[in-house]
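Since the structure of chain A is provided, determine the placement of chain B on it from the hints.
Residue numbers (this note's numbering), protein chains in the order written: chain A, 1 to 470; chain B, 1 to 470.
For the record, the hints were derived by calculation from the structure and aren't laboratory data. Hints may contain errors.
The list makes no distinction among identical chains, and a pair is therefore deemed to hold if it is satisfied within one copy or across any two copies.
Said to hold, decoys possible - Straight-line distance between alpha carbons at most 25 Å, and here's what the computed PhoX-like set of lysine-lysine pairs gives:
1) LYS82 <-> LYS106
2) LYS269 <-> LYS106
3) LYS225 <-> LYS421
4) LYS4 <-> LYS349
5) LYS78 <-> LYS106
6) LYS9 <-> LYS76
7) LYS235 <-> LYS269
8) LYS215 <-> LYS269
9) LYS450 <-> LYS418
10) LYS82 <-> LYS418
11) LYS233 <-> LYS398
12) LYS417 <-> LYS349
13) LYS398 <-> LYS298
14) LYS417 <-> LYS228
15) LYS418 <-> LYS349
16) LYS406 <-> LYS298
17) LYS417 <-> LYS280
18) LYS55 <-> LYS76
19) LYS106 <-> LYS76
20) LYS21 <-> LYS269
21) LYS21 <-> LYS329
22) LYS382 <-> LYS78
23) LYS428 <-> LYS349
Predicted model, so just to flag it, every value in this text is computed and none were measured.
There are 2 protein chains.
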Amino acid sequence: MAQKPSIPKGTRDFNPQEVAKRNYIFNTIRTQFEIFGFQPIETPSFENSETLMGKYGDEGDRLIFKILNSGDYFDKFKTVVKDLSEDTITGDLNPFYNIETNFVTKHISEKALRYDLTVPFARYVVQHQNEIDFPFKRYQIQPVWRADRPQKGRFREFYQCDADVVGSDSLWQEVEFVQLYDAVFTALGLHGVTIKINNRKILSGIADVIGAQDKLIDFTVALDKLDKIGEEKVKAEMLSKGIPQSGIDRLQPLFNLKGDFGTQISELKEMLSTSEEGKKGIEELEFINTGINTLGLKTATLQLDVTLARGLNYYTGAIFEVAAPEGVKMGSIGGGGRYDDLTGIFGLKDVSGVGISFGLDRIALVLEDLNLFPETITNTVKVLFINFGEAEAMASMKAIKALREKGVSAELFPDHKKTIKQFNYANKRNIPFVVLLGESELSSHTYTLKNMSSGEQQQLTLDELISALH
Amino acid sequence: MAQKPSIPKGTRDFNPQEVAKRNYIFNTIRTQFEIFGFQPIETPSFENSETLMGKYGDEGDRLIFKILNSGDYFDKFKTVVKDLSEDTITGDLNPFYNIETNFVTKHISEKALRYDLTVPFARYVVQHQNEIDFPFKRYQIQPVWRADRPQKGRFREFYQCDADVVGSDSLWQEVEFVQLYDAVFTALGLHGVTIKINNRKILSGIADVIGAQDKLIDFTVALDKLDKIGEEKVKAEMLSKGIPQSGIDRLQPLFNLKGDFGTQISELKEMLSTSEEGKKGIEELEFINTGINTLGLKTATLQLDVTLARGLNYYTGAIFEVAAPEGVKMGSIGGGGRYDDLTGIFGLKDVSGVGISFGLDRIALVLEDLNLFPETITNTVKVLFINFGEAEAMASMKAIKALREKGVSAELFPDHKKTIKQFNYANKRNIPFVVLLGESELSSHTYTLKNMSSGEQQQLTLDELISALH
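Here chain A stands alone, though its shape is the one from the complex (with noise of 0.2 Å):
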């Protein structure tokens, strides 16, 4: 019996509109980043399992998608379970049921699905180092895959675009990834992203200042809340965590921030004034701040937000993250940061790394909700010949050759059917124009044009056809 057809849930099919605008998408990215001088690298869909595990915590190991070894790999695995059952299980007559499932993932796969582009792309830098030379502008556009749980605008499969520069600790990054997300942003015609950014310095030194040093994270997770929870709130948890009340009364000046940029960092330094490192931050915050300031941003706003933390962990230095234009109600649409011993994990020390990242699945949902993919780019072939039977059809394909060398993508209706059913496939596929060439137009050696939208029709030669057309 047939099977029912289906995809595995949390993947995508992609039809021909919704690939015409996701590579208008990538197109885009790809080209900015190219004028930046960021040049592409790609990596494989599967990596081995020791380059994955372990580097994304806990839920990430459950969630990174795990392969099969080839062949036989349950006989292997007996055998495993017979030293197992000899060595130091002996007693049990069956220890198949002690067995647990992350000890069977071990012997039976050794490789595992791509789960992000940063951790690859360490790996790659390790590996490859003698043929790179630092500082290193590399982009990645490929999917990665995760076993999450499936939901509205959350998939198993998807895109990342990565930027980042390896082997130099210069702020120009920082200040020129800023320029790259006003660039992209603009060219995609989704004006008026903020770009937020904040220093892992800044949150460290506050956490020296109100002596809670040693609860950094703790500190940062709450207050990474203050959007959604508020002020009352977020100090609770503080309190809750083990904060003292005295180091968050000090926390008070970070509540009231407001103003621009430059009002914010004097606020802060004031606050700062005692942490070396915090010091250092606003150094950092204000260099790149005045270098976007002389340089001006096209449609794009830079904020300062000391509240954004994201994978501090991860992050060394700058932290950012872009938001939607005001109205749109979408998570964020890119996000990246510093990040000093990514290269460490694979025995690579002290090169130090900045990237960013845009979410290609919000970015396309934002321009959708906008309206702002251009009309030209989910149009189909742009011109069909209707097929009148073999002569006609031998003379079209003379003509669609002709338009074809031109560039004009141009196609024969295979079959000899009704001119109305070949009428009606046209205006299904939204195909702008036809060509009509029966007998009389064979005879008289002409092309009748058929503009759809508009109705219109004209007479042509091939030479007035190609023209209209190109």
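Relative to the frame of chain A, chain B by itself:
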């Protein structure tokens, strides 16, 4: 301890130069696909196992990469085994050792990585049949995965580039696919490829005529080897497979088949005069040949090859295969054909299809061998600004911003290092131009542009710099 980083066997990292070359091929193919009226779709990297299993034969089933179920899959499996041991294998104290790999796989894996683009396409057509306007011309450029033993030119992850039309049995499509091959290879500068064509009905007709219809597969498998093992060995193999000597004698005209398309067709007509199916195959070939003769090919040659079989069980009409230009040692760089019931496996009957495929990796090897990649495509960023310190860098960033807005890729060396080091970096990355903006240029508002290959230097204003690089 740090891991020594590596990637799974049969997979590849692609560096910026390699990505650029591959994208050049993809883009050339994609452009021609779209000019010919094909539209892109994309399907998920993994499918439900039942969609893929059983579609590629036993060997294919073994080579499909299976994905482990998430969560505590082994606990669930224990329950299955427990039920089993009570029901069917009671008495055995340890059923674990009797379990076979295939049985385990069915219970711990529900998803598998795409093995080709054809079966997912068939699944797509059936699943979305109500949204599709037939005839449906789709193309698809995505990676596939096979657990094949890796060897030179054979990988476990590789791209396929397919174009197919489903929902029409018009032979104009065969004509179009020959033109499409010609257009793509011409656009890639790969002149002189041979597009071999055959027809399943011809093979079937010959088998009719020699009384070997029940041995069609043995017959074609032997015939397919003519190029490699020669006439005598082909005959011996046929005899050993039970094809009678009298039938093999009647094959003699086939071994003597020479000359152009028309001459060969005449010989075949005589030979197949008693087979209805054979005559139908000749008619189809003649239609395609007449079409191509009338329309002409740019740089490729269409050649009849009655020994061409490929996946015989799969194809029902035309069979295509493309050989690299004479003198290039390489297997086929493309192939395809007509299949009459692809979607039947998913419950949609009588949908005829025809399609072709491009072998990306082999095409890349051929272009590399023949030095056909355009020099421009491996270029990195166009201009690097030397970093002479903070004030100079800020002025450089202003010029860089102006260049980028004109679409010129430009970057600042991020650190204020020795000039010689910065020049070395530009050389290693093959950056064609360098701009020096030091103290004297800063005061005179000029830019020194150095051509890195000629060594020539010019002192320019910003406007002049932009026109020089634009």
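Q: Can you give me the call for LYS21 and LYS329, within, between, both or neither, at a CA distance of at most 25 Å?
A: within (21 Å within a copy, 40 Å between copies)
Q | Same-copy or cross-copy closeness of LYS21 to LYS269 [CA-CA at most 25 Å] | A | neither (46 Å within a copy, 51 Å between copies)
Q | Identical-chain pair category, LYS225 with LYS421, by Cα at 25 Å | A | Neither: 59 Å inside a copy, 46 Å across copies.
(Q) Please sort LYS450 with LYS418 into within, between, both or neither, judging by C-alpha distance up to 25 Å. (A) Cα proximity of LYS450 and LYS418: one copy only (17 Å, versus 66 Å across).
(Q) As a check of your reading, is LYS382 near LYS78 (CA-CA no more than 25 Å) within one copy, between copies, both or neither? (A) Neither, since 61 Å and 58 Å both go past 25 Å.
Q | Within, between, both or neither: LYS55, LYS76 at alpha-carbon 25 Å | A | neither (28 Å within a copy, 27 Å between copies)
Q: Can you give me the call for LYS78 and LYS106, within, between, both or neither, at a CA distance of at most 25 Å?
A: Both: 13 Å inside a chain and 17 Å across chains, each within 25 Å.
Q | LYS417 and LYS228: within-copy, between-copy, both or neither at 25 Å Cα | A | Classified as neither; 61 Å inside a copy, 45 Å across copies.
Q. For the identical chains here, do LYS235 and LYS269 meet the 25 Å Cα criterion within one copy, between copies, both, or neither?
A. The answer is within: 22 Å in one copy meets 25 Å, while 91 Å across copies does not.
Q: Could you place LYS417 and LYS349 in one of the four classes (within, between, both, neither) given a Cα distance threshold of 25 Å?
A: Answer is between: at 21 Å across copies they meet the 25 Å cutoff, but 69 Å inside does not.
Q. Given identical chains, is LYS269 near LYS106, meaning Cα to Cα at most 25 Å, within a copy, between copies, both, or neither?
A. Neither: 51 Å inside a chain and 62 Å across chains, both beyond 25 Å.
Q. Within a copy, between copies, both or neither: where do LYS82 and LYS106 come within 25 Å Cα-Cα?
A. both (16 Å within a copy, 23 Å between copies)
In terms of the numbered hints stated before, the structure departs from hints 2, 3, 10, 11, 14, 18, 20, 22, listed from lowest to highest.
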